[in-house]
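> Protein chains in written order, with my numbering: chain X, 1 to 335; chain B, 336 to 925; chain R, 926 to 1287; chain A, 1288 to 1612.
These are calculated hints, taken from the structure and not from any lab test. Errors might be hidden in some of the hints.
Label-pair ranges, simulated between beta-carbon atoms [to be verified]:
| no. | chain 1 | residue 1 | chain 2 | residue 2 | range |
| --- | --- | --- | --- | --- | --- |
| 1 | A | Val-1397 | B | Asn-734 | 55 to 63 angstroms |
| 2 | X | Ser-66 | A | Lys-1390 | 25 to 33 angstroms |
| 3 | X | Phe-177 | A | Leu-1597 | 51 to 59 angstroms |
| 4 | B | Lys-569 | A | Glu-1350 | 53 to 61 angstroms |
| 5 | A | Val-1405 | B | Lys-569 | 23 to 31 angstroms |
| 6 | A | Lys-1390 | B | Leu-735 | 54 to 62 angstroms |
| 7 | A | Ser-1516 | R | Val-1133 | 53 to 61 angstroms |
| 8 | B | Ser-591 | A | Val-1397 | 16 to 24 angstroms |
| 9 | X | Asp-72 | B | Gly-757 | 34 to 42 angstroms |
| 10 | B | Asn-734 | X | Asp-72 | 36 to 44 angstroms |
| 11 | X | Pro-301 | B | Lys-569 | 42 to 50 angstroms |
With a Cα cut of at most 27 angstroms, we get these calculated DSSO-like pairs of lysine-lysine [said to hold, decoys possible]:
| no. | chain 1 | residue 1 | chain 2 | residue 2 |
| --- | --- | --- | --- | --- |
| 12 | A | Lys-1369 | A | Lys-1357 |
| 13 | R | Lys-1275 | X | Lys-239 |
| 14 | A | Lys-1348 | B | Lys-804 |
| 15 | B | Lys-904 | A | Lys-1369 |
| 16 | R | Lys-1258 | R | Lys-1275 |
| 17 | R | Lys-1029 | X | Lys-239 |
| 18 | A | Lys-1390 | B | Lys-580 |
So the derived list for chain A, only partly shown, Cβ under 7 angstroms to chain B, looks like this [to be verified]:
| no. | residue |
| --- | --- |
| 19 | Gln-1351 |
| 20 | Val-1353 |
| 21 | Thr-1354 |
| 22 | Tyr-1456 |
| 23 | Gly-1458 |
| 24 | Gly-1560 |
What you are looking at is a predicted structure, and each value in this text was computed from that prediction instead of being measured. For every residue, glycine included, the Cβ atom is placed at its ideal position computed from N, Cα and C.
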Amino acid sequence: MSLGAGTEATMVADADERAPGPAPREGKSPTQIALERLRKDKVAIACLFVIGFFVLVAILAPVLVSIAGVDDQLHLDQVNPLTGLASFQSNADHPFGVKARTGEDLFYQWAYGARPSLVVGIAASALTMVVGVTMGLLAGFLGGVVDTVVSWIVDFLLSLPFLLMAIGIVPIALQRFGNPDSSGFIEEGRESTIRFIVLICVLVLFTWPTVARLIRGEVLSLREREFVQAARSLGMPTKRVVMRELLPNLTGPMIVNLTILIPAFIATEAGLSFLGVGLKDPTYSWGQTISQGVTFFDSYPIWMWIPTISVSLLVLALSLFGDAVSDAFNPQTRR
Amino acid sequence: MRWTTVVALATAGTLSLAACGGSGSSGTNSNNDAGASNTALGDAYEKVPASAGQRPDVKGPAPEIAGAKKGGTLTFNSDVTPESTDPSTQYYQDTAAIMKLTTRTLTAYRMEGGKSVLVPDMATDLGQKSKDGLQWKFTLKPNLKYDDGTPIKASDVAYSIKRSFATEELPGGPTFQIDYFKDGDKYKGPWKSGDTYSGVEADDAKGVITINLARKFETLSYFASFTMFGAIPKAKDTKTNYQLKWAATGPYKVQSYTKGSSLTLVKNTNWDAASDPARHQYPDTIQFNFGKDAATTAKAIMADNGIDQTSLTYDGVNAAVLQQALGAKRKQVASGPSNCVNWNGSTMDVNKIPLEVRKAVAAAWPIDQIHQAAGETPFDYSPGGTIGAPQVPGFTKFNLPEFPGKGQGDPAKAKAMLQAAGKLNFELSYYYSNDDEAAKNVNKVKVAQLTKAGFKVKAIGVSKTERRKKVRDPKAPVNLGQGVNTGWCYDWPQGDSIYPPLFNSTLPNNSGAGNIRDKALDKEMADIANLPVAEQGAKWTALDKKILQKYVPLVPNAYSKGSMIFGSKVHNVVIDPNQGIGDFPSIWVG
Amino acid sequence: MSTASTETSETVVHPRRDNTREPLLEVTDLVKHYPVKEYTGLFPTTNQVRAVDGVSFDVAPGETLGLVGESGCGKTTTGRLVTRLIDPTSGSIKFDGKEIGQAKERQLRSMRRDMQLIFQDPYQSLNPRQTVNTIIGTPLEVHNLVPKNKRKDRVQELLELVGLNPEHVNRYPNEFSGGQRQRIGIARALAVEPRLIVADEPVSALDVSIQAQVMNLLEKLRKELNLAFVFVAHDLGVVRHFCDRVAVMYLGKIVEIGDRSDIYEAPQHPYTQALLSAAPDLNVVRGAERKERIRLEGDVPSPINPPSGCRFRTRCWKAQDVCAQEEPLLEIKSGARQGHQIACHFPEIKDDLATSLENTSA
Amino acid sequence: MLVYILRRVLLGLSVLLAAIVATFCIFFLGPSDPAGALCGRQCTPDRIVQIEKDLGLNKPKTEQFVTYTKGLVAGNDLGGKKCDAPCLGWSYVQNRPVTDMVKQAFPVTVSIVIGGIVVYSTLGILFGMIAARFRGKPLDRVIVGVSQFVTSIPYFVLAQLFFLYAMVYYGLIPRAKYTSILDNPFTWFTGLLGIWLFYGTVLSANYVRYVRASMIDVQNQDYIRTARSKGLGERKIAISHALRAGIAPFLTLLGLAVAAELGGAIFTERIFGLQGMGNLALTSFDTSDLPVIAGVVVVGAVIIVSLNLLVDLLYGLVDPRVKLS
């Protein structure tokens, strides 16, 4: 997923005589210039609004559900005992309808479902970046044995089929950590917590190698750049060279990667939940709601469509925003 | 005896067990094409199936079905993958139904106007019993052949039976032979113990199979309909791989079988229709596809386009098409009683819960809510207030006021009862699967209702696998929902297949229902079981009533149903009430 | 654009005739080989790219040594080796009497202050994510030269010294032109008050007009600060303008080294002569008669498998059998002055090759 | 060259061995109850002990690992049950060799993936080139927009809708069905055509943007500018020059994406009801049949490792700029 980002190295050779433009004002770093470019990008701004909306939904979920007056209880009386479906798609009590048979409110699940999507997306991609960038930096800058080892680990992890491993690891983790006293008793919510953590770990474990590979390549080319040589010739300690000279120059690829990872992770969460190895209630997630509702897409469409549209919109906004970011950071693709 | 399982949840597809014998009876039962009303709903919803019995004098061939056409391809799609198709180990509804197409047995059920009757199949009658009841003789009909044209010998049938004792090599099959047959506990099958076994002997010249018993087995004729009473040519036995390619004796033979994926059956030209009273040979090809998503299969069949017109599924009526099944597409549903009765986790340990409290639990039990929360629909059950299934011959359906078998329960009344007994806040504890959506919902319903009725409820959430172990754990520190807690599916339609496995005092703790330890009851059950089959039914009915009233070990919930949906060009889908699944050999397309 | 643009004066040439002065930098038999594996045959063969193959020279305090040669001849590598940005395969580097050829990075720390690099590409040599203040301030901080509160003043001082507006201290490199950037690079090098600067083609990436300004700046600084230079370049004109002594490199070896006048006015090595004659002659444009031009045939041989004996022989018009068998030593030949060494079996003075260069560079 | 290949193979083998160790650790060191699962309904403690003995579960874990690895290479004899090499173990639930089950499922997945790759690379390159050619024009925006839109909808929702509407309700495309290509190439083709079209099209949406980006990248290269300045037509440039340069990254993508392809195939198999590796893993997941999941993972790793190796080697052939070092 991060293949396209390799060209970002070029952004360092920035505005100069070769690319005359309006005289830049005092003190603007490439990042600031990129941000300014981004600010003028209408699509990016629109995307930001969409993303912001869902972030707000996630944060304000408790407020929203109390305004809507819905809860997470069963409402058997809301559905027809014969068909198992509610007679309404949406009404004042249940704006997004209720689940078949149990009558659980779908607005409640939608509002709270925004949380795991965003948390998984952000936490997993942040962790992925931290691990991937660290390993990539180490491998690229130190070279030698470290590079060999890290590259091997990268090869190794990338050779494992991700989805199959994810499918396999969940039941193992549940067995191992689900009932530590081997009584078979799983505390309320413990399973969903385990699933949550496992999901994030699996995503990070199988994605950081891609990031590390990319960053390593970047570092290898940056390392030979003259300003790094200059820093070394000044007698700068290695740590400082890495932190002060290399790292800031990786901001571009890192941000671009982040904007690719977040939507990818959100989509993956939904997919895993569909396969039954993602999140489980009481952690509501859109992926889970979609997978439950998809069978009823013709008889009770609102169940599936609301979370589907939400996920799609969020992913679309995030990836369009990601494109805008990578454009903004890449001087060659000015729009 | 054993087992049972959950009634198919609409979401999960059927996987219930127990194919078995019996001369049942069946009453209302379902559809034929062309507007024949099915009994899923409405007034028929609560109607009880009638009984049918054994018909030892029936000869082949099976009577033609009016309007039936030959030819075409019939396609079955199912979510469930058959575990094993080895004739010696088959114990599930779906495999039993499938193998009825390929494998003839000594006796077999056949549908007679909606009733399921036990008739002789390969044998000339339903078995000749010696005076002391300890020796049974079955005589093979002449000129029976395998699909390759070689004749079927009595020793082949004997070999097939002996093979079923090899539970180590071929695990998972029924074990009545081990309990009842002479030296059944010592013989370990032909591979470990050799070919000679005093329990089963064959005379190829006369075509007679002799079975020697250790104790009386009045319902052996029913048991003889299991596929282990078929024929296996010893020379072609590939042991664990026999399940992949087995010799056919029925109207169809295996053309190709990809385990877990698909099975294609074609006509067996060496099958003799004249000698077979229980099977037809209508479609040219019968195709089974396994592991197909239940919801999409259901939608496809209801959409009724192309190949789906000649397709059907035994996964039940999926929730996704429930509305259609109840409305416009009602003609494409067959639904009828099955061999199971449900009590949805209501087994009460009679040693741990006082009688008055058990009665209060029964009064409070939220039957309808549990059905709804579990996702059970009228295609899955009809109300039922007895432990036995009403299609058992001689059984008379009854409804005790304490056990209405339906309704929302009365927490207020239960609370009053508790108060009267001075047991307010009595603690009820049980395990539930907290990794199963339906089980969690059911639990929510139970907790709410029982708390309302003045109980203290301790619901312990464990994983599905863990729960499976816990409910049978003799030392489990809970008092509700242990043992055979979901319900019971009989192996053949007679009380000896129902009551002793549930209430015998010799059963280990938590492996029956309610842990009743009463020698008198044991004796009563044994006495009834030793009566001739025809006399048993009425006695079991009385015993059923007595157990419910005297011990209150469980709250009967429902008679479960088998349901199938099928395309518009599939005809004569009839649910066999003794199997809970359609009678495949009588289905035709066109 | 800058304050230094008006200076046109001729450089002061430090005479190098006596051997009495203690050299600031002394390089002896410096070698850098890069192993390269090739997978062409059945088994991999490890070859050595002989980037620098036994180079010796020295630089006195305040003196300027020019390293010239075609691209790929090893001059840049020599520069990096001297500053110990890369580790030499063998050979000795003595700086201020101390051996640093195999020293560890920590031991090099103090030396780093005294020896600085100016890079070729002003677009690459400045960290685009740092302000000028940070770029120039970092060496001050690393070596703790100036108290923290005075650091900015010092940076501005340095900016002024290199002819930049001290108010631009908070700008980023992308807001400067190439020439200005190179001045920033120079200021960064000067920040640590070095005694020796290795300038790696400092002007070759710049426009010709700006080249002159930057060269004049370096000239000025050299005089004012008494800096020694190792000046790596391929532009002979620039070198003649700036350097006291000149070393000509070919395929990882020095083929001729001597004072500026020796090299430009009395070159003896055929390669030096070829280089000089290849330099563009503006006088031709002005109408003067074209001088004899030596054309070299063939390509530079691979540094993996350099020719035996004299490395230049494959392209040399004077080559004879002996050239293939014996490697000529770098030594003073007949007719050469003190300190003018030539590695050739058949040296011969040609003196009319470079007269026009004077005008092109100034 | 030979040594290079050998080295790559050795590297691949080391990765593979590690993958096997990891798989073993994850799947067999956990507290699971395989004997209980295999025991079935008539389960007695004696039988559990017997089964554990049969499967070698009573032995130390290290010994079990050696047995497992040995089985991969040389086959095994598990309690009288013969398991030929490469033995991936014995299914707890289905009571037969995992290798058999994998052999059965493998061709299905391979058929889906190969056909899908053909469709998605064709569509991807085609539309990617068109988009790059008309960069910034409405046609480009439409292509990029549509691909963005398609990729943002969860794949399984699209698949479900496609399956029901195109195959079931309206019967526009033949119903998905797997027949072995050896049995009947024609029905193999028609049975999978619908899946290929769907799966390939959806995947190509991702790929289009990638091709577009790398085409634009290549078009800005000097040698393309030169070609253009020589007066070569745009189409000719695109096809002869840029396309060739674009193939190398395509190969990389192919190698890297195999895991993702297999992943996509899981959803595809699940929804279209084909019994491939993905569905096998999922079914085994439902029944906690760990050896099967482990077997599928190991086979997956083998495929990915060997494909990456192949891609590396092809890379050298296709793009002369890449030296094998």
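> Does each hint fit the structure? Answer for all of them.
Results for each hint:
Between A:Val-1397 and B:Asn-734 the beta carbon distance is about 59 angstroms. The supplied range of 55 to 63 angstroms therefore holds. Separated by about 57 angstroms at the C-beta atoms, X:Ser-66 and A:Lys-1390 break the suggested range of 25 to 33 angstroms. As the Cβ distance of X:Phe-177 to A:Leu-1597 is approximately 39 angstroms, the hint placing it in 51 to 59 angstroms is violated. Taken as a hint, the range 53 to 61 angstroms is violated for the pair B:Lys-569 and A:Glu-1350, whose Cβ atoms sit roughly 38 angstroms apart.
A hinted range of 23 to 31 angstroms is violated for the C-beta pair A:Val-1405 and B:Lys-569, which are about 50 angstroms apart. Here the CB-CB span from A:Lys-1390 to B:Leu-735 is close to 57 angstroms, well matched to the stated 54 to 62 angstroms. As the Cβ distance of A:Ser-1516 to R:Val-1133 is approximately 26 angstroms, the hint placing it in 53 to 61 angstroms is violated. Our hint of 16 to 24 angstroms for B:Ser-591 and A:Val-1397 holds, since their Cβ atoms are close to 20 angstroms apart.
The hint said 34 to 42 angstroms for the Cβ distance between X:Asp-72 and B:Gly-757, and at roughly 36 angstroms that hint holds. Checked against the given bound of 36 to 44 angstroms, the beta carbons of B:Asn-734 and X:Asp-72, roughly 37 angstroms apart, stay inside it. A hinted range of 42 to 50 angstroms for the beta carbons of X:Pro-301 and B:Lys-569 is inconsistent with their spacing of about 59 angstroms. For the suggested pair A:Lys-1369 and A:Lys-1357, the alpha carbons sit about 14 angstroms apart, so the restraint of at most 27 angstroms is met.
For the hint pairing R:Lys-1275 with X:Lys-239, the CA-to-CA distance comes to about 53 angstroms; that exceeds 27 angstroms, so the pair is violated. Between A:Lys-1348 and B:Lys-804, the direct Cα distance comes to roughly 25 angstroms. Compliance with the 27 angstroms bound is thereby established for this hinted pair. Restraint check for B:Lys-904 and A:Lys-1369: the C-alpha separation of about 46 angstroms exceeds 27 angstroms, so the hint is violated. This hinted pair checks out: R:Lys-1258 and R:Lys-1275 have alpha carbons roughly 14 angstroms apart, not beyond 27 angstroms.
Proposed proximity of R:Lys-1029 and X:Lys-239 is supported: the alpha carbons are some 16 angstroms apart, at most 27 angstroms. Proposed proximity of A:Lys-1390 and B:Lys-580 is supported: the alpha carbons are some 17 angstroms apart, at most 27 angstroms. Annotation: A:Gln-1351 was flagged as interfacial toward chain B, and the flag is violated, the nearest CB pair being 21 angstroms apart, outside 7 angstroms. For the restraint placing A:Val-1353 at the interface with chain B, the shortest Cβ-Cβ distance is roughly 25 angstroms, beyond the 7 angstroms limit, so the hint is violated.
Restraint check, A:Thr-1354 versus chain B: the minimum CB separation of about 20 angstroms is more than 7 angstroms; hint violated. Hint status for A:Tyr-1456: holds, given a least beta-carbon distance of 5 angstroms to chain B, under 7 angstroms. With its C-beta approaching chain B no nearer than about 5 angstroms, A:Gly-1458 sits inside the 7 angstroms limit, and its interface hint holds. With a least beta-carbon distance of about 4 angstroms to chain B, the hint placing A:Gly-1560 at the interface is held under the 7 angstroms criterion.
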